[in-house]
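Residue numbering for the sequence shown follows this note's numbering, beginning at 1 and increasing consecutively.
Simulated from the structure, these hints should not be mistaken for lab results.
Any given hint could be a false lead.
Stated by the list, open to error - DSS-like, lysine-lysine: derived pairs with alpha carbons at most 30 Å apart: (1) Lys190 <-> Lys127; (2) Lys130 <-> Lys81; (3) Lys190 <-> Lys81.
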Amino acid sequence: MKIKKIMASLLVASTVLGACSSKAATSASDSASASKSDNTSAQVENLATSSSSTTETLDNYYGTYEEEDLDASYDEDSATKVTLGTTSEVSGDGATVADQVVTITAAGTYVVSGTLTDGQLVVNVGKEDKVHLILDGVDITNTSGPAIDIEQGEKIITTLAPDSENTLADGENYELADGETEPDATFYSKEDLVINGSGSLTVAGNYSNGIRSKDDLILISGTYNVTAQNNAIKGKDSVAIRGGDYTLTTTAGDGIQANNAEDAEKGYVAIDGGSFAITSGQDAIQAKTDLSLQNAQMTLQTA
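Go ahead and model the full structure; you've got the sequences and the hints to work with.
Written out as structure tokens, the structure is:
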């Protein structure tokens, strides 16, 4: 995934947002951030006005969104159905249950509903396998680790089913192997993670981050309410947001963060739409390389 780098994009932002009674500024030479110490709103139309890509993009977006990322449809009749509970049940192939842990082990579409009071949903499929994960009214709490843990797969597309309310929470302490610092998010993915759909997702990151991907994190649509001790939304290589409604609250971290400092083509945040209410302990939005925004409405408050 690549977008044309908009150098000093937030210097442009200070002009554009200034006309909207808001403000953005660069933080350091190797990173870009958007923050505001008081509570202000801004309608962002074109923060950076030119973009190009060596890969095909959909229309004029700063982020790269593949057709499959936008597709929130699914065939419930052919999908494997997972009903979470004291004794979770699986109807179909590709998922196993062990105590309070449900593990998806094969490519396919999975419709998940129900409640785990102290359990976990794990995705661990082949490196080239794709999973379409439908959250249709789930409530998952894991007191000792991520509520959803994506260990392996080519790409995981998560759809918030229409009219569904989905809740994920973790505990304040994780059970990690000696010397390990990860996983560290309530919704944690080692792979590319896409979330789309028209439902809602509420995430409580009591340990550290709320939603985190160690690759690309792509958010297409939906309603999000994320609270986190550290960062609310974090993608290592990139965060691309095409739309949706976001209420993000952090204690000590950023609202949205991309932090890959090793590759100049990564570590960027691209926002192409959406409504954002961000209250953060650090920056509202932090990109290690570049930050590009358009067509977004933002209310930002930082420490």
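Hint-by-hint comparison with the structure:
1. Lys190 <-> Lys127: With a Cα-Cα distance of about 11 Å, the restraint between Lys190 and Lys127 holds, given a limit of 30 Å.
2. Lys130 <-> Lys81: holds (17 Å)
3. Lys190 <-> Lys81: holds (24 Å)
The structure shown violates none of the earlier numbered hints.
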